[in-house]
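Colleague: If you want the building blocks of each chain, they are given just below.
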Amino acid sequence: MSNLALHLERDSALTLSQASTGCDFQIRAVDGPACRQLRDIGFCEQMRVRKLTNGRNMLCTVCGTRLALSKDLADQIQVIPA
Amino acid sequence: MSSSSIEAHIALIGNPNSGKTTLFNALTGQNQKVGNYAGATVSRKSGQFFTPHGHQFEVIDLPGCYSLSPNSPDEEVTRDFLLGDQEGETPPDLILCVLDATQLERHLQLLLQVIDLGYSVVVALNKIDSAEAQGLRIDPTSLSEDFAVPFVPLSALNERGIVQLKQALRFPFPSAPGRLWKGPAELEESIELSTKVAEEEGLPKPEAHGIQRIACPEDADTEAEQFIVKTRTEFIQRAVEAGLQRPDGSAQDFTDKIDAHALHPIKGWFLFSGIMFAVFWTIFEFASIPMDWIDGAFGSLGEWVTSKMNEGDFQSLIVDGVIAGVGGVLIFLPQIVLLFLFISLLESSGYMARAAYLMDRVMSRVGLSGKSFLPLLSGYACAIPGVMATRTISNAKERLTTILILPWTSCSARLPVYVMLIPFLVTGSLSQTAIMFGIYAVGTITALLAAKFLKPRLGATEPPQFLLELPPYQKPQWRHVFHQVRERAFSFVKKAGTLILGISILLWFLGTYPKSDSDDPVVQQENSAMGRAGKLIEPIVSPLGWDARMGTAMLTSFAAREVFVSSLAVSYSADSDEPESVRETVTNAKRPDGSPLFTPLVALSLLAFFIYALQCLPTTAVVKRETGSWKWALGQLGGMTAFAYLAALAVYQIGKLIGYS
Ligand SMILES: Nc1nc2c(ncn2[C@@H]2O[C@H](COP(=O)(O)OP(=O)(O)O)[C@@H](O)[C@H]2O)c(=O)[nH]1
Ligand SMILES: [Mg+2]
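Each protein sequence line maps, in turn, to chains A and B.
Just so you know, the first sequence maps onto residues 1 to 82 in my numbering.
Just so you know, the second sequence maps onto residues 1001 to 1661 in my numbering.
If you are wondering where the hints come from, they were derived from the structure by calculation, not from laboratory data.
For clarity, every value in this text was computed on a predicted model and none was experimentally measured.
Be aware that one or more of the hints could be misleading.
Chain A stretches covered by chain B per the calculated footprint, using a threshold of three residues with CB under 8 Å from any CB of chain B [stated by the list, open to error]:
1) 14 to 20
2) 48 to 59
3) 63 to 73
Cβ atoms here follow ideal geometry from the backbone N, Cα and C, with glycine treated the same way.
Just chain B, same shape as in the assembly:
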């Protein structure tokens, strides 16, 4: 769509969790991330839609904010956008203010602040379905009259009232109602003066800056600010008295009943660990079935290709390079799907905020607050959205600490490596689940200890504060959950088909050429480019118990962690003539003396390395962007990798000392 036909820009503003992104998706047909917790959106997203009158508008989804005095970097984005201070952005022509109808009194505060800035506003009175279910009686006409802007009751989730909303966005937009209250002469004068000053400074939207500087001054709690807060609250209370009736008495609802257990200091922890354990157990128990299918399919494909093609280098490239490499990674698709399914379910049910509440007790021991746990939790899916989600943390030092430790919460790219290695340690899905649980726990606990070490050294002194909204539980939005999972699965398959395919082919070439005269695969392997590289790295990795090929596989895994698995599959499959499934290949790998290569101790040492190593350049790039300095990004990369090496070294050497091999 060409942007030239866009007639106006509309911005979505509202408190966190009021349903802005759901409405954005309903309007534009996009599928941006929604979640039942504050902080699901941390950057601006834009899209387009047509009104029934045939006008085309651009709509911008912004992070939620409670007010125009930001407490965290994501809220700053929204304020700067409204004041026109955001570089490269023009202020919107109309604000679509999204209010949660079940929390009207609280959300009207922001509406009033936006109106005060001098914008034209249309109100989306969202979650009207929940309000009806709770027996709230809301009179949109009365509210429209009081606030002098249209109130459109709707349910973004059920796509009810969207058409009416589009109709209310009549173009050209009605003029702004302007400030709805008057202060004493003195205050009015100072607002006027402040507007003049902003005008002289050449700021965009001077009238908005004028009121903003008085209502939210740098030094908090001035007399003027107190007066304005009081006036606005009274205004809202008058409006609400006429426009909203809450049912008498507050019966215990569904959310209260669950929270009595979920937030209980003891039962809550049982529930939390139970949920986590169930997640890992499902990943092992159920994923193994489709995994065997995929593994078997690639094994048969290899056999079939072998039988159809003439023996030679090209056959080897296809079977030992492409099929082994791509198949080696693709078999982990079921795990990835399940992991993302669970994370999406947690996000959309409302449990995330409860987990943060419980974890606050632990997090405060290391100088962080429960709020830092939300980014860490997203880090289990992928570190990049996790690092971005730290924008909701108000304290800068706390945010930096969280970013620096975040890659130690095991992301999904490590999952294939774990799943491949764990069977070398124990058998039986329950004990394997326990090990997996342990791996995640070790990563998380080390991350927290690192925070305890780092935070005071970064110069942070003030103790963390905890203030969090606990949204009501709701049944998962299946459509959205499935969409998220499908997208993740698709991008995993795409990665296997592009990056991993490419690297597998490259590895095959490096492992095959230059050719030696000998027919012995071992001699040939040593003569190849990869064999030579392996010889170089061997002295570095042999103290960890690894052989040269594991060393080269580890090096290639800096391109993407999953590559480790395909890299092993490619390099060891050259050893045997029979095509076999990836897991057999690795299990059968032997040292030159015939002893098995993957002993429990070696597997443990590899695990230790992968738990701690930061092998993801996109993460480093995002850390650089979010912290604004290469110092932190590169320090984190080097520090974590060095730590990983030392951890693997310690595991192997101590293990050997106490008699394992």
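Bound conformation, chain A alone:
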């Protein structure tokens, strides 16, 4: 049973750039060359993000702050629906 739950969770994990706009997510993992920079600005594990727009540079909010980030950075952030 818990195995199934784990599976489901892994399946639903996606990167922030794939995530759909207007929805809230929780950050699962930050992984990649820019991970330190991303964590510093607020994209920490466990934090909640809302994605606002798609595009070359996407907009999202983390704890009430608007942040713009490029797609290759968003690819380094894994989120699950919150």
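The hints should help you fit chain B with the ligands onto chain A, whose structure is shown.
Modeller: Coordinates of chain B with the ligands only, in the frame set by chain A:
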């Protein structure tokens, strides 16, 4: 104030845009630059204040940083300062950590890192006014207990809570709380070991170096680092659960509504160009009214002096030298004031970050990121703060490229030259605005093309990344805006009264002596020192369509660009006996054959030169300091000036070929 009475040093630390400089100004009564975007402060500033208990402290304002692992040169300043690695600085006795109350979860990260370094800390919980307006409920007592440091809610902007803050800075300061979390035995051991190593190396603040080397190792993302990040985040989440309540649901606020337009891929550009066009139009339309007053005033002053003084060299020195030269530059004061007013408004409203966001699309085409646009934008005011602002760019090659192209964003010193020349091209304020817009666009576009050319040649490979905070819009801080504008206006007037006055007098002497026997002003002019210098430079500038006097004026403008205008005013006003306003003088200037000197083509060629020439030695000095090498600074100076010459040459020669004169 003598520094001997200073009892302690306090450093302001906090995320960018959390309000450190606003608090610094509130504490010290200074007026350092604040702006509603990340990166307004790029170097350290210090000041003093007294507490209600009568202690005097020095407070140091530092560039903002998101963490103690710096991503750009300005953040390095702050980290090195905290670790005691900054040369000639002693580590502060207390850290005043400035947190934005509306973004507590994010900003507490830095607080925890600072506490871990082993500092005594007092927290300024800033922007409490905005937090209240958003319906956030913050419990400072609970946060104080969790973090073992005092939290003082305040609003630096409205100067609310400043007294309470000063009271909280009780001297002698409470001892440092020390690290608030514990790791597994293994990690604790390695931290201890690392501290010992730092101690043996004789580093200042060994315990700070000890934890820093484990928490932010050279090779990122070690297991220890991941553990520490996770532990700190969990610590903050527990603290926030007790100490902060956000209102449910997130209604669209004012900023969201504006951003829906301002960041829109199409509407955003219309808004951006609209704002820029409005700025230039105002500069032409409204500035012309006070300009005419100043011009008229100097004209009448000249007439009055002429009528009161005996004719002779001294009268000529005052009228043709001092009044023409200084007046010629001072009439552009209204433009300078308006330009700085608009730039200050943009900076304080929060639109700067939006402009950077929009421009990222364009900038990425030439290998730069939208972040490089912020320094370029400050370059429209003056290249020097622009070059300094590149410290916020994390990639070194990108930063160098931005510095090298930056002087091509037209700075305010060029404005008088443009405003003087544009009326020779077109009439009507709308078409003049269009030309002005075009001039700025040409400068900027060439700068971007140069970046595309330069960046790969500097050995930069990685594509630029874009990560930027978009602060909420706010109404401009008028007091601060006016202060900035007044300061700029004052320094412009001061320049006119010192440098430009001096050069005008010098030019008058060079243009008057040695005297010839002839009474003919033309012969006399040719015989003077300036006339002789003009003869030397004439062969170089005549392919550009310029006469000898424009050539000498151009040479003098290397002292300061505005000098070009006064230099022309001084040298041409010797031609006529009647004192007249500066603009009439230049408009009436004739070639020896009687044809007007300032034809549209000549004006265009002069414009081309001034758009591209780097004629500002202070800029070259700052570029040397920021890049650390004369190679770049002198290469930029030579390259840009040569380019300017070629551009003017091309404009004039091509123009002549297609039938203009
Ligand atoms: N609402 C509000 N805004 C503030 C307050 N203090 C500063 N600000 C604004 O925050 C922005 C950043 O201020 P600044 O001092 O330049 O921040 P720094 O980057 O930390 O030095 C400016 O636009 C200020 O007007 C405050 O107490 N309340
Ligand atoms: Mg600042």
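Colleague: Take the hints in turn and mark each one as holding or not.
Modeller: To see whether the hints hold, each was checked on the structure:
1. Here's how the region 14 to 20 of chain A fares: 0 of its residues keep a CB closer than 8 Å to some CB of chain B, so the rule of at least three is not met and the hint is violated.
2. Residues of the region 48 to 59 of chain A lying with their CB closer than 8 Å to a CB of chain B number 6, which satisfies the three-residue condition for coverage.
3. Counting residues of the region 63 to 73 of chain A whose beta carbon lies closer than 8 Å to any beta carbon of chain B gives 10, which reaches the threshold of three, so the coverage claim holds.
In the structure shown, a violation is registered for the earlier hint numbered 1 alone.
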